[in-house]
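Visitor: As they're listed, the protein sequences go chains A and B. Oh and the first sequence: position 36 is 36 in my numbering, straight run, nothing missing. So my numbering is basically just the index in the second sequence, starting at one, shifted up by 1000.
Misleading hints may appear alongside valid ones.
Claimed, not checked - Simulated pairs of lysine-lysine, BS3-like, Cα-Cα distance not exceeding 27 Å: (1) K1327(B) <-> K25(A); (2) K1601(B) <-> K25(A); (3) K1594(B) <-> K25(A).
Claimed, not checked - Listed next, the stretches of chain B that the computed footprint assigns to chain A, with coverage defined by at least 3 CB atoms under 8 Å from CB atoms of chain A: (4) 1465–1476; (5) 1566–1575.
Hints in this document: simulated from the structure, not taken from any laboratory. Since we're looking at a predicted model, the values are computed, not measured. C-beta atoms are modelled at their ideal positions from N, C-alpha and C, and glycine is treated no differently.
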Amino acid sequence: MDIQNIIVILIVLLALLYVVFRGLKKFTTKKGTCNGCDKCGH
Amino acid sequence: MVCSLALVGAPNCGKTATFNALTGAKAKVANYSGVTVDKKFAHWLQNDNVTIIDLPGTYSLRTNSPDEVVTRDVLLGTRSDEKPVDGIIAIADATNLRLSLRMLLELKMLGIPMMVALNLSDVAESRGLIIDEQALSKALDVPVVKTVAIKKDGSKGLHKLLSEFVAQQPKQEKVRFNNQTALMQQIESADAQALYQQVDEILSLVVKEQGGLPVWHEKLDRVLLHPIWGMFILLTILFTMFQAVYAWAAPIMDGLEGMVTVLGEWLTAQLGESLLQSLLVDGVLAGVGGVIVFVPQIAILFLFILVLEDSGYLPRAAFLLDNLLAKTGLSGRAFIPLLSSFACAVPAVLATRTIPNPRERLITMALTPMLTCSARLPIYALIIAAVIPNTKVFGGLSLQGLTLFGLYLAGIVSAIIVALVLKWIGQIKGSTTVATLMMELPTYRLPNVRHILVSLWDKVKAFLVRAGTVIFALSVLLWAMVTFPSPPENATEPAIDYSIAGKLGHFIEPVFAPIGFDWQTCIAMIPGMAAREVVVAALGTVYAVSGATDGDEEAIHQSLIPIIHDSWGLPTAFAFLAWYIYAPMCLATIATIKRESYSTKYSVMMVVFLFALAYVAAFITYRVTAWFVG
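Only chain A is shown next, with the shape it has when bound in the complex (with noise of 0.2 Å):
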């Protein structure tokens, strides 16, 4: 296969994994564990 083609599929692989765990990480956040490190961008 193509090198380029393997750097695509790596890419969209690594955005897909980003992604989920990020919505994970949103909606399995305990009330009260915010400590305003602001990674959040709020």
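On the provided structure of chain A, position chain B as indicated by the hints.
Guide: Chain B in isolation, oriented as in the chain A frame:
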């Protein structure tokens, strides 16, 4: 030695500024009360074993609002998620010592080791108010130090006191309460008269020179709080803000757009027509690049908000609008959460903790998504730039700026109407009570340039980080969805029609066709649920891939604005704007509302309600505009 200290004090006395100075954290600081609504913790800069806890401001330990209860419970050690604290850093406002002293005397009753930081001492001195810190230390029998938390070296003395406290910790006996209820009863039954008498005695011992507010302060308040002039000035400030967002940002935006185009052409030249080139140019650049060009507008909007916040003007706006809010069944306490919504609905929902009445709190939560958050700015800016001519009207005012002002106003008016309806429903059920606004107006001050620039950079950085992470990832996924599977060899339709996204878009298109949205727009709105600005990135990706598969070379190299201009009619563009005035909040806001309301039912109700409202508004807008356009 591991130990924890709690920062306690009245609202807006500089607790969070002290927290940032002691820990190096960058928690939000503003010149009004109610900014901190939950505890925050971080390690002391000089010793990782020492934890500093920033608590919401409170005037007394006798309290009932959800944010102030957090402070009381942490101090009494009744929270299961927090160990009892080993010490208290009490922050007293040097410009209003009388108010702080009552709280200090209540804290003394707890018997927890305490030190006092006399903050805002520079402002007090500039007004001629001189406080003898040694006499105060003697009167309270605790160490006292003067601080100016927002200045670089303003907390040196406090760091020194903290070092001494930590050094004594191994010898210090831990204070643990066996009967918190009895202790609270003792505090609550304390004779208020006797407490104030004690406050007066201490004041007479420690205040060496009485200062006062400068005369200009009162004169300015007379104008800014005037029911007519004050309102006129408030509207003028907001109006200027939206004009500036367009006028000042335009050259930088043009530059950024040019850079994105040049980078796309360079990548195409290097990689040729390939899958990787398509991912990078049509997916990442069209998506992330399409959002990044709006950074200058967001920065200008935040610059205005930060300056107004730091100068002490914003709480005065709350005072001005209290009467208006009362008519809608809300109190002035709802103003700060509603104001925060213009930045982001998540902190706004958290800020509703300052509202003691549960019904009013829920209504305020339901209204926050209607006020325009900064994530909607790129959407508004994109559509306005595409369909509203860049002309001057009414003697030099930008028509685009006016339209943006109108969209913000539409959100505010809608929130007022919904609040009125909810008040009416409440009246039928007999469950409305309007609390009066009790709010301490902070003193005016010249905005601190360092604080403004640091806060502005934090906001811009947060937006760029989101563009480089969430928006990047969603753009890549959307690109994959609009690219795969490839069309069959004997394909007769454009390639994108055979992709997952193409099929999905065509499937949901009939639902949105009555409001004028084509299948590309439907597809872009799905990732837009993660964060609203992603819609712009998604439109960029969908149209870039559509253009590429249609073989429309010109469209591939065009930025999103002319594409929207050419392919959307005025009715669709206006309906899209109407949709995003009410469109359901992002996932982060839904999750926060669910956590804060303790109710899945309420959060689902709010989402369904906003969906319905957005659909109806977009439908009416589409039909009315189509009728006018002909």
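Visitor: State for each hint whether it applies.
Guide: Structure-based check of all given hints:
1. With a CA separation close to 40 Å, the supplied pair K1327(B) and K25(A) exceeds the 27 Å bound.
2. For the proposed pair K1601(B) and K25(A), the alpha carbon gap of about 22 Å is at most 27 Å, so the pair holds.
3. With a C-alpha separation of about 15 Å, the suggested pairing of K1594(B) with K25(A) holds against the 27 Å cut-off.
4. With 8 residues carrying a beta carbon less than 8 Å from a beta carbon of chain A, the segment 1465–1476 of chain B meets the three-residue requirement, and the given coverage holds.
5. Closer than 8 Å: that is the beta-carbon criterion, and the segment 1566–1575 of chain B has 0 residues meeting it against chain A, so the requirement of 3 is violated.
Checked against the numbered hints above, the structure violates hints 1 and 5; every other hint is satisfied.
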